[in-house]
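These protein sequence lines are chains A and B, in that order. Under this note's numbering, the first residue of the first sequence carries the number 1, and numbering increases by one thereafter. Under this note's numbering, the first residue of the second sequence carries the number 301, and numbering increases by one thereafter.
Hints were generated in silico from the structure; no laboratory data involved. These numbers come from a predicted model, not from an experiment. Do not rely on the hints blindly, as some may be mistaken.
[Stated by the list, open to error] One side only, chain B facing chain A, incomplete, derived with CB under 8 Å:
hint, residue
1, 455
2, 472
3, 473
Ideal Cβ positions, reconstructed from N, Cα and C, are used throughout, including at glycine.
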Amino acid sequence: MARVALIPVLLWVVATLSFFLLRAVPGGPFDRERAPASREVEAALKARYHWDEPLWRQYGRYLGNVMHGDLGPSLKYRNHSVNDLLGQTVPVSLALGGMAFGVAIGLGIPLGVLAALKRGGWADYAAAGLTLVGVCVPVFVLGPLLVLVLGLWLEWFPVALWGSWQNAVLPTLTLGLYFAARVARWMREGMIEVLRSSHVQTARAKGLSETAVILRHVVPVALVPVISYTGPMLADLLTGSFVVENVFQIPGTGAFFINSFFSRDYTMMMGMVLFYSLLLQVLNLFSDLLLRWVDPRVGS
Amino acid sequence: MIHSLVQQNALVRKTGVFCCLHWWAGLFESLRPGLSVRALGVVLSVCAWVLTGCSPLERADLVLHNGPEPETIDPQILTGQADGRIASALFEGLTRFNPTNGMAMPGLASHWEISSDGLTYLFFLRPEARWSTGEPIEAMEVVWSWRRAVTPATAADYASQFFCIRNGRAIVNGELRDASRLGAEALDAHTVRVHLENPTPYFLELAASRVFSPIPRRAVERLGDQWIRAEPLPCSGPYQLLSWRVNDRFRLRRNPQYWDAAQVTAERIDILCGDNPSTALNLFLNGEVDLISDRKIIPGELGPELAARPDFHRFDYLGQDFIRFNTTRKPFQDARVRRAVAMALDRSRITARITRMGERPSAAVTPAGTGGYHPPAGLSYDPATARRLLAEAGYPEGRGFPAIEYTFNVGSRIYEQTGVEIQSMLREHLGIRVELRPLEWKTYLAEMSALNYDFIRGSWVGDYDDPMTFLDCFLSDSGNNRTGWKDVRYDRLLQAAAAEADPQRRLGILREAETLLVVEAVPVTGLYSHVGLYAADPRKVGGIWPNRMDEHPFFSMRRIRP
Numbered sequence: 001m002a003r004v005a006l007i008p009v010l011l012w013v014v015a016t017l018s019f020f021l022l023r024a025v026p027g028g029p030f031d032r033e034r035a036p037a038s039r040e041v042e043a044a045l046k047a048r049y050h051w052d053e054p055l056w057r058q059y060g061r062y063l064g065n066v067m068h069g070d071l072g073p074s075l076k077y078r079n080h081s082v083n084d085l086l087g088q089t090v091p092v093s094l095a096l097g098g099m100a101f102g103v104a105i106g107l108g109i110p111l112g113v114l115a116a117l118k119r120g121g122w123a124d125y126a127a128a129g130l131t132l133v134g135v136c137v138p139v140f141v142l143g144p145l146l147v148l149v150l151g152l153w154l155e156w157f158p159v160a161l162w163g164s165w166q167n168a169v170l171p172t173l174t175l176g177l178y179f180a181a182r183v184a185r186w187m188r189e190g191m192i193e194v195l196r197s198s199h200v201q202t203a204r205a206k207g208l209s210e211t212a213v214i215l216r217h218v219v220p221v222a223l224v225p226v227i228s229y230t231g232p233m234l235a236d237l238l239t240g241s242f243v244v245e246n247v248f249q250i251p252g253t254g255a256f257f258i259n260s261f262f263s264r265d266y267t268m269m270m271g272m273v274l275f276y277s278l279l280l281q282v283l284n285l286f287s288d289l290l291l292r293w294v295d296p297r298v299g300s
Numbered sequence: 301m302i303h304s305l306v307q308q309n310a311l312v313r314k315t316g317v318f319c320c321l322h323w324w325a326g327l328f329e330s331l332r333p334g335l336s337v338r339a340l341g342v343v344l345s346v347c348a349w350v351l352t353g354c355s356p357l358e359r360a361d362l363v364l365h366n367g368p369e370p371e372t373i374d375p376q377i378l379t380g381q382a383d384g385r386i387a388s389a390l391f392e393g394l395t396r397f398n399p400t401n402g403m404a405m406p407g408l409a410s411h412w413e414i415s416s417d418g419l420t421y422l423f424f425l426r427p428e429a430r431w432s433t434g435e436p437i438e439a440m441e442v443v444w445s446w447r448r449a450v451t452p453a454t455a456a457d458y459a460s461q462f463f464c465i466r467n468g469r470a471i472v473n474g475e476l477r478d479a480s481r482l483g484a485e486a487l488d489a490h491t492v493r494v495h496l497e498n499p500t501p502y503f504l505e506l507a508a509s510r511v512f513s514p515i516p517r518r519a520v521e522r523l524g525d526q527w528i529r530a531e532p533l534p535c536s537g538p539y540q541l542l543s544w545r546v547n548d549r550f551r552l553r554r555n556p557q558y559w560d561a562a563q564v565t566a567e568r569i570d571i572l573c574g575d576n577p578s579t580a581l582n583l584f585l586n587g588e589v590d591l592i593s594d595r596k597i598i599p600g601e602l603g604p605e606l607a608a609r610p611d612f613h614r615f616d617y618l619g620q621d622f623i624r625f626n627t628t629r630k631p632f633q634d635a636r637v638r639r640a641v642a643m644a645l646d647r648s649r650i651t652a653r654i655t656r657m658g659e660r661p662s663a664a665v666t667p668a669g670t671g672g673y674h675p676p677a678g679l680s681y682d683p684a685t686a687r688r689l690l691a692e693a694g695y696p697e698g699r700g701f702p703a704i705e706y707t708f709n710v711g712s713r714i715y716e717q718t719g720v721e722i723q724s725m726l727r728e729h730l731g732i733r734v735e736l737r738p739l740e741w742k743t744y745l746a747e748m749s750a751l752n753y754d755f756i757r758g759s760w761v762g763d764y765d766d767p768m769t770f771l772d773c774f775l776s777d778s779g780n781n782r783t784g785w786k787d788v789r790y791d792r793l794l795q796a797a798a799a800e801a802d803p804q805r806r807l808g809i810l811r812e813a814e815t816l817l818v819v820e821a822v823p824v825t826g827l828y829s830h831v832g833l834y835a836a837d838p839r840k841v842g843g844i845w846p847n848r849m850d851e852h853p854f855f856s857m858r859r860i861r862p
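Modelling step: build the complete structure from the supplied sequences, incorporating the hints.
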């Protein structure tokens with residue numbers, strides 16, 4: 001409960017820090033290549049965004065609006081509010097992250113289990129090779145590579161854009177494979193450790209079939225390290241997708257991570273920071289609670 | 301269609317959620333046997349996949365890649381070229397651009413009369429001109445729109461385009477509070493009379509530019525500065541807006557109310573927004589995109605190779621790269637030092653080794669051929685004279701010359717390599733040591749405006765096909781000057797040129813002014829004129845032609861059926 005209460009405090013600290021840090025950076029949202037038509041035009045523009053007020057006042061106004069759930073107008077995209085931009089793009093990033101999460105778990109866990117059961121065999125080496133590649137090849141190499149082979153040469157999938165399930169295949173794989181590799185390694189190590197433990201021997205001694213031992217007594221325990229990793233992993237999937245979104249031109253939040261800083265779109269930047277701080281908090285809390293539920297020893 | 305897009309979005313969202321749910325259900329099942337969440341998860345995710353698979357977004361008749369998401373498509377507010385391209389599909393001015401040469405041709409006005417002194421224009425609106433929502437577009441709405449554009453509170457950066465109209469400058473500068481004193485009036489429902497300050501040979505082209513497009517008064521009065529989000533959005537151009545999804549696409553549909561709708565053949569157009577050039581190229585090569593309309597979204601390092609392909613089109617473009625000198629501090633306070641540097645630069649080395657697209661090296665500020673004008677040659681490459689000038693300024697062989705920095709914005713290989721080339725040429729010919737100072741875009745702009753640099757990369761893209769659009773940047777009071785250089789002779793020459801009714805004499809005066817700018821005083825020296833590039837397979841897309849203005853109006857654009 002204390003952790004839940006801490007979330008707003010943390011958000012406030014993040015908001016305050018980023019508000020003042022951003023203002024300390026040289027250049028502002030209204031510095032443009034073309035000078036404004038006149039000083040009056042420039043003044044009118046600044047007044048519209050309350051830029052003419054002292055900083056503490058802007059800060060107060062911003063906090064007040066945030067409390068009411070209003071993240072303010074974007075300073076770059078003149079016809080969109082930050083809420084509007086996040087509302088349009090967050091679902092896309094969540095969908096992509098969610099599907100990649102599916103790939104990570106769906107591919108990683110069976111691969112890890114297989115590698116542990118066939119330890120030292122060809123399956124183990126194959127899985128080890130795959131996971132090594134998965135961990136080592138960066139997303140910005142894997143993405144274009146998949147596009148080149150599966151998109152441009154074989155023409156199985158579209159090379160970019162978003163809208164149908166075909167569009168989702170390549171970006172989901174690009175984003176998911178790295179995490180699948182990580183999950184496979186965690187799972188394999190967890191399995192090997194559990195297979196050695198005494199309760200597995202007890203289970204076998206009870207005369208359970210090997211399949212039942214593995215499914216009932218080994219996998220659930222071996223999942224614990226994977227589950228504790230899911231919180232940070234989900235966070236990585238949801239925030240780390242900007243390279244993939246850029247390569248595949250996916251209308252998610254990724255584009256704003258870097259561009260809103262480069263264009264000094266302070267309100268958008270702040271909105272992103274606040275939204276993702278909140279998301280990280282919630283995800284960590286979620287994976288902790290899940291862990292507690294799976295393994296009652298945790299936290300007691 | 302809007303609904304289908306929204307649905308699409310929602311479906312994809314759900315798919316993700318369901319997938320998660322499915323996997324988690326599987327996990328729970330293995331942990332706590334007996335829960336039947338798994339079955340539910342499977343059913344839900346299968347449903348979601350099937351549904352998304354069933355309704356893929358239908359391909360539009362024409363798909364354009366337009367570069368980054370526009371900041372706005374409000375014709376009075378936008379400044380970016382890519383933004384303006386989308387607006388030009390939706391809104392039309394009294395005139396519109398001729399797709400073959402970028403000159404003005406009749407738009408919402410069917411014809412016009414110009415007084416013999418070139419100061420009064422009478423525009424006759426087409427009685428059939430209508431918004432896509434059905435209301436007529438009348439003269440009063442045109443005048444009202446222009447008054448709104450010049451009102452400082454509108455905060456239109458391009459309000460300066462109205463300076464040529466009587467009282468335009470005074471209203472924009474806040475000296476005249478009453479926008480109704482702008483020299484434009486509605487004589488009746490279909491006639492607009494415009495009084496100009498000066499004979500302005502490019503006024504008909506200005507009237508075709510975005511900021512001169514009338515905007516729908518009722519929508520603006522209802523929604524204020526967010527009127528562009530009106531649904532439905534009243535449009536006056538060949539297309540109307542169906543949907544707008546950020547960082548993805550604008551979907552447009554043919555506007556049946558458009559006065560020239562018979563000429564518009566593509567029923568639906570998608571304008572894609574994204575900022576990764578490699579992705580744009582992949583989409584084009586794969587046939588998912590028919591036209592890449594912005595050079596910035598074509599991979600720069602492949603430029604020369606791509607330009608050789610039959611589906612890439614190269615043309616001389618109304619833009620110029622140059623170097624600004626900070627005339628307010630040492631050593632560039634001294635015009636001799638500025639001239640010396642300008643003469644030590646072999647510009648053809650930059651165009652032959654770095655830009656490699658057939659750019660024309662030029663020491664002037666106006667690209668050759670702008671509005672039928674030929675700029676002075678400027679200070680051409682002459683290292684011996686450069687050394688002599690530097691010695692005269694007190695730095696023989698570069699001795700005692702302070703350490704200076706060349707500032708440029710990062711983001712392009714070309715700017716960086718140009719910096720290195722300048723560095724080596726100045727060391728070679730003048731014995732000057734130059735440090736490179738790459739800055740991120742907004743910092744670069746702020747430092748340039750604050751005159752916090754020694755010499756700095758600059759560029760300008762003309763707003764209309766006339767040297768004035770380049771030369772008025774360097775007026776003493778221009779916000780685009782950014783060199784600290786002020787010369788009353790230059791200001792007077794530009795004033796004289798503006799007042800001159802004879803076109804040839806006018807160009808002569810402008811040439812005199814530019815000679816002062818780039819040969820004598822040299823607060824700025826040109827590097828090269830830009831080259832434009834767009835991608836379109838001529839067997840698939842018709843109705844677009846290369847032109848200096850890089851204007852490719854939507855009314856003529858069409859998809860050729862095989």
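Here is how each hint holds up against the structure:
no., hint, verdict
1, 455, "holds, 4 Å"
2, 472, "holds, 5 Å"
3, 473, "holds, 5 Å"
Checked against the numbered hints given earlier, this structure breaks none of them.
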